[in-house]
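Please put together the full structure from these sequences, using the hints given.
2 protein chains.
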Amino acid sequence: MTQPRWLDETEDRAWRGYRRMFLLLNAQVNRDLARDSGLSEPDYDVLSALSEAKNHRCRLKKLAERMLWSQSRLSHHVTRMQHRGLVTREDCADDARGATIVLTKAGRRAIEAAAPLHVESVRRHFFDHLTREQVEMLGDATHAVVNALTTPNPS
Amino acid sequence: MTQPRWLDETEDRAWRGYRRMFLLLNAQVNRDLARDSGLSEPDYDVLSALSEAKNHRCRLKKLAERMLWSQSRLSHHVTRMQHRGLVTREDCADDARGATIVLTKAGRRAIEAAAPLHVESVRRHFFDHLTREQVEMLGDATHAVVNALTTPNPS
DNA sequence: GCAACATACATGACATGTCAACAAACGCTA
DNA sequence: TAGCGTTTGTTGACATGTCATGTATGTTGC
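From first to last, the protein sequence lines are chains U and R. For the first sequence, the positions run 1 to 155 when our numbering is used. For the second sequence, the positions run 1001 to 1155 when our numbering is used.
Quick caveat, the hints were computed from the structure, so don't treat them as lab data. Ideal Cβ placement from N, Cα and C applies to all residues, glycine included. Check the hints yourself; a few may be wrong.
Distance ranges between label pairs, derived from CB positions [claimed, not checked]: (1) U:Arg66 with R:Val1102: 41 to 47 Å; (2) R:Ala1096 with U:Arg66: 50 to 56 Å; (3) R:Asp1091 with U:His83: 42 to 48 Å; (4) U:Val102 with R:Asp1091: 54 to 60 Å; (5) R:Arg1097 with U:Arg89: 48 to 54 Å; (6) U:Glu112 with R:Asp1091: 34 to 40 Å; (7) U:Asn55 with R:Asp1128: 37 to 43 Å; (8) R:Arg1097 with U:Arg19: 49 to 55 Å; (9) U:Glu136 with R:Arg1089: 44 to 50 Å; (10) R:Ala1096 with U:Gln71: 49 to 55 Å; (11) U:Leu23 with R:Asp1128: 22 to 28 Å.
Simulated coverage check for chain U against chain R, where a stretch passes if three residues somewhere in it have a Cβ under 8 Å from a Cβ of chain R [claimed, not checked]: (12) 4 to 12; (13) 17 to 26; (14) 119 to 128.
Here's a subset of chain U near chain R, in silico, CB distances under 10 Å, partners left out [unchecked claim]: (15) Ala115; (16) Thr131; (17) Val135; (18) Ala141.
Structure follows, in structure tokens:
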């Protein structure tokens, strides 16, 4: 590290905008979600990921990986959601260590009721303020960054 | 709510990419920050905001507003950072209720040492994977969303 | 100048997330 | 098939953030 390559004006604007947007957008969307559906963001994420899984069930490990959560976090959160009847744990047939997380009826009802309102919220606070071109570019840009972060680094 | 306006493919890609990028980027940049400088992201944010303030000092309320943090969160976090000698509280001359948060020498050294490494990390994991055009557009797009979220809503 | 309301901050109880340690089962190899 | 490193999941201690409340000070209208 000789001279740091500081951010120029354009980069600084993008970085601050991104950070600021995240805080505000997240807070607003989560407020909407809590008000409309009584779910927290983590609740929604778990239900959503499970509802996309085959048969509405998934090994804890795999689910955590897909969500980019730690196993520990997911295990704790599943325990709480289990108390509320949104998901259950089942033993795994082919692996006695395994815990399969399963969406309950109530969980399915919850996510199905929440999803349209959530999408509407995301649309209102996010997409409605972007041009089509910006949305396309955002897809490209975020995927480029994600790709770099998930591809094993040769360094 | 009649029919929900679901996200089309392009929107879905952008939204998932954005969420995913945030999780991965945040985790990686924070790991770098902790390893290189022994600071957490909240630590860095407080130090950074304070170092940009006039005379390296700021009323707690105002600082919390700038950072988009709750007063409570900042108060708690300042208490912890105070124990580590990074900031101090001073009484406010013109308002006896006030608490002025002040950057200490050690705090200034910490942020000055951390900043170049942090910028390098952000550059490596984020800007290095984006085109100039994407960065410019990201500035525009995020500011449009931020603007909508901070402008009082007529609804 | 004082009653009533608003503002700034601290705090404690609680919810959530992290990290390290543990236990149990898996699966490879000798 | 016994031994041993690996994988999966749980757990408890702890760090962090939220929310409601308390307290002191400021401010406004009479």
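Status of the hints after comparison with the structure:
no. : hint                                : verdict
1   : U:Arg66 with R:Val1102: 41 to 47 Å  : holds, 45 Å
2   : R:Ala1096 with U:Arg66: 50 to 56 Å  : holds, 53 Å
3   : R:Asp1091 with U:His83: 42 to 48 Å  : holds, 46 Å
4   : U:Val102 with R:Asp1091: 54 to 60 Å : holds, 57 Å
5   : R:Arg1097 with U:Arg89: 48 to 54 Å  : holds, 50 Å
6   : U:Glu112 with R:Asp1091: 34 to 40 Å : violated, 55 Å
7   : U:Asn55 with R:Asp1128: 37 to 43 Å  : holds, 41 Å
8   : R:Arg1097 with U:Arg19: 49 to 55 Å  : violated, 30 Å
9   : U:Glu136 with R:Arg1089: 44 to 50 Å : holds, 48 Å
10  : R:Ala1096 with U:Gln71: 49 to 55 Å  : holds, 50 Å
11  : U:Leu23 with R:Asp1128: 22 to 28 Å  : holds, 24 Å
12  : 4 to 12                             : holds (count 6)
13  : 17 to 26                            : holds (count 8)
14  : 119 to 128                          : holds (count 8)
15  : Ala115                              : holds, 7 Å
16  : Thr131                              : holds, 8 Å
17  : Val135                              : holds, 5 Å
18  : Ala141                              : holds, 5 Å
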